[in-house]
Amino acid sequence: MTVPVAGHPRVADLDVRDVYVSFGDTKVLDGVSLHIAGGEIVALLGPSGSGKSTLLRVIAGLVVPDAGTVAVGGVAVTHVPTHRRGIGMVFQDDQLFPHLSTLDNVTFGPKMAGESRARRDERGSVWLDRVGLAGFGPRRVTELSGGEAKRVALARTLAAEPAVVLLDEPLTGLDRELHDRLAIDLGQLLTGVTTLLVTHDPDEAAVIADRTVQLSSL
Amino acid sequence: MNRLPRRLIAALAIGPVAALVVFYAWPFGTLLAEAVTGQALSETLRRSQTWDVVWFTLWQAVVSTIVTICVGLLPAYVVARFEFRGRSVLIGLLTATFVLPTVVMGAAFLALLPDSLDRTVWAVIGAHVAFNLAVVVRVVGALWEHLPTDMEHAAATLGASRWRVFTQISLPLIRPAITAAATIVFLFTFTSFGVIRILAAPGTRTIEVEVWRRATQLGDIGGAAVLALLQLAVLAVALVWSTLAQRRHSRALALRPEAVRRRARSRGERAFVAVAAGGAALVALVPLSALVVRSFSTPSGWSTSAWTQLGRTEVRPGIRVGVDPVDAIANSLSTMAWATLFAVVIGGVASLAITAAQRHGRLIDGGLMLPLGTSAVTIGLGMLITFDAPPADWRASWWLVPVGHALVAVPFVVRTCVGVLRSVDPEMTAAAATLGAAPVRAWRSTVVPYLWRPLGVGAALAAAISLGEFGATSFLSRSGGETLPIAIEQLLGRTGTTLQAQGYVLATLLAVTTVVLVIVVEQLQAGRRVEP
Chain A
1 MTVPVAGHPR
11 VADLDVRDVY
21 VSFGDTKVLD
31 GVSLHIAGGE
41 IVALLGPSGS
51 GKSTLLRVIA
61 GLVVPDAGTV
71 AVGGVAVTHV
81 PTHRRGIGMV
91 FQDDQLFPHL
101 STLDNVTFGP
111 KMAGESRARR
121 DERGSVWLDR
131 VGLAGFGPRR
141 VTELSGGEAK
151 RVALARTLAA
161 EPAVVLLDEP
171 LTGLDRELHD
181 RLAIDLGQLL
191 TGVTTLLVTH
201 DPDEAAVIAD
211 RTVQLSSL
Chain B
219 MNRLPRRLIA
229 ALAIGPVAAL
239 VVFYAWPFGT
249 LLAEAVTGQA
259 LSETLRRSQT
269 WDVVWFTLWQ
279 AVVSTIVTIC
289 VGLLPAYVVA
299 RFEFRGRSVL
309 IGLLTATFVL
319 PTVVMGAAFL
329 ALLPDSLDRT
339 VWAVIGAHVA
349 FNLAVVVRVV
359 GALWEHLPTD
369 MEHAAATLGA
379 SRWRVFTQIS
389 LPLIRPAITA
399 AATIVFLFTF
409 TSFGVIRILA
419 APGTRTIEVE
429 VWRRATQLGD
439 IGGAAVLALL
449 QLAVLAVALV
459 WSTLAQRRHS
469 RALALRPEAV
479 RRRARSRGER
489 AFVAVAAGGA
499 ALVALVPLSA
509 LVVRSFSTPS
519 GWSTSAWTQL
529 GRTEVRPGIR
539 VGVDPVDAIA
549 NSLSTMAWAT
559 LFAVVIGGVA
569 SLAITAAQRH
579 GRLIDGGLML
589 PLGTSAVTIG
599 LGMLITFDAP
609 PADWRASWWL
619 VPVGHALVAV
629 PFVVRTCVGV
639 LRSVDPEMTA
649 AAATLGAAPV
659 RAWRSTVVPY
669 LWRPLGVGAA
679 LAAAISLGEF
689 GATSFLSRSG
699 GETLPIAIEQ
709 LLGRTGTTLQ
719 AQGYVLATLL
729 AVTTVVLVIV
739 VEQLQAGRRV
749 EP
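Chains as they are written, first to last, in this note's numbering: chain A, 1 to 218; chain B, 219 to 750.
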């Protein structure tokens, strides 16, 4: 890790060009292109089943496109495996690791990068503090509330210092009050981080994102 | 309330309970009484040979379990995560291997391995691995296929390579299933009898084999009883450890209701799936193919003589070998028929009693499951020493072997039937009552019809169990009444290629019949949800 403890992720732009994905006979993405400048937060809107999540998965390297390229910071990553792309992702249902403590979840990325225990624990504590969960480190993630789990998922992604962050409907399933509060927090936490947020909620997009695009227009 | 009269429930329960008391509890009590005499206990425990046997039993079981888990994880992953042609065939093949009689697997490895390797502990471990691969693939695979793939994806987006995703995420999460599979494999390999009798060198004995040797070869009933109980004690400790370990490692996993499998994408992935699935298939197929090949192999080349002259028992003019393969087939078929009848009647009636008696039914249910936790050798030994003297001098009775088999099979019949009967909606009986049906009539017309199909499954299972049963039969069968597994063991233990080829013929026949019965079970179960 070259970035100091609790520093922000590296800033890089994201470039998606002419991406085509079909599942069987169904065309899911039909020549999608998108550019996000370094540090920009873009919200991607579109109805359910329109291929928003598939686009995120293509960018993360979880789905191999039939054609098209993905580049991060000007470097093509289309054929780079997910774990070497430097692209973080917050999943719709958090996907916290139930066998690890809250702190170990947050420090999973630094651990994979080979950071020492003391250093990554320090980094994890700072990120927990940033998402408003100071002191939650030793807790089991299965004991967290829905809102707390979402914050941990975000802290986990950001603690790995990815060049680009992808968020797949990160606030789904929360009650309105919690949703609105988290949306504001999310906007602040992601400031300066290249982010692509997938949502079907235009209000959420307006609060968090710098720019909103419709998938159908790409 | 529209409940069945207590007298009817008692009448249903009395037969199965009496059978359990006479053929399980009484022999087990006799065994205990034999074992706890001070002399047998101290003599057996002081003998260094006892501890040699215990040590061998333990380490071969531990090594077999570890190797089976290591070998099984790869096919378990491939079956859980990938959709590929032949996937269900592979699962069926491994399952069929698992239900094969132990003597068949022993014979298959004997046929496969070169002389330098058979009769060694490595042959035994190889057979144990091939046998139990299905346990790992099915038990671990069942959890793995429902683990959300996005959890692994999340780890990858955090910088974890495939290997680290496996070691840091998947492995800890499937640990309860691995522990469960390891426990099952350990129980089977710790109580290994048929494989050891056929494959191990004469001096290499597990506790099961030593119990059999002490009781039937040395006449040391007390020593055999002590060893049988020692084995039960180790198994109880293993089960308690397993339960605690599974509880400690179990997590509230957000499992997906539907398994998510995908086709291999890249060429590398396709090769990976092909190697893992093909390798697992070979582990099951190669030994069984060797069995067939050896049944056609004679010193003068390939020949069908072992098949065509199966009934000829003369080794040389006037000299007979003492085992008649054709008689053994006939004995096995008649034993199977009677054992199946006993198991179906006792198991079917018990299932009706268990579901009708509700809370008290659990007691009968638990009691009837006890033989499942007792090794077949222990059951056979108990019956041998109990039914050898008045008032129950039944050793010469033709029905004792089928009863022994039925005792081992009844838990399977009960489990199959009770599961279905418990799922019958009680509202149906209530509806029949509102239409004027008295309790017995309502029960007869709404519950009993659901019994027949699971009973068919139970009958096929009981038939397969009886055909392959070797442990209890080793104690109970008498000269001239050898069943197929006994005949196979005896023929393969003799010198002479013709006799060995006949042993392989019988093993092939037994394997094929068992597989057919398993297919019948699968077919019946596939249609089980259809209306009765």
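By construction, these hints were calculated from the structure, which means they are not laboratory data.
Note that this is a predicted model, so its numbers are computed, not measured.
Hints may be right or wrong, so weigh each one.
Interface residues of chain A toward chain B, partial, derived using beta-carbon atoms under 8 Å [said to hold, decoys possible]:
{"hint": "1", "residue": "A67"}
{"hint": "2", "residue": "V80"}
{"hint": "3", "residue": "H83"}
{"hint": "4", "residue": "G88"}
{"hint": "5", "residue": "M89"}
{"hint": "6", "residue": "F97"}
{"hint": "7", "residue": "H99"}
{"hint": "8", "residue": "M112"}
{"hint": "9", "residue": "A113"}
Note that beta-carbon positions come from the ideal geometry of N, C-alpha and C, so glycine has one too.
(message) Could you work out which of the previously given hints the structure breaks and list their numbers from low to high?
(response) 1 and 2
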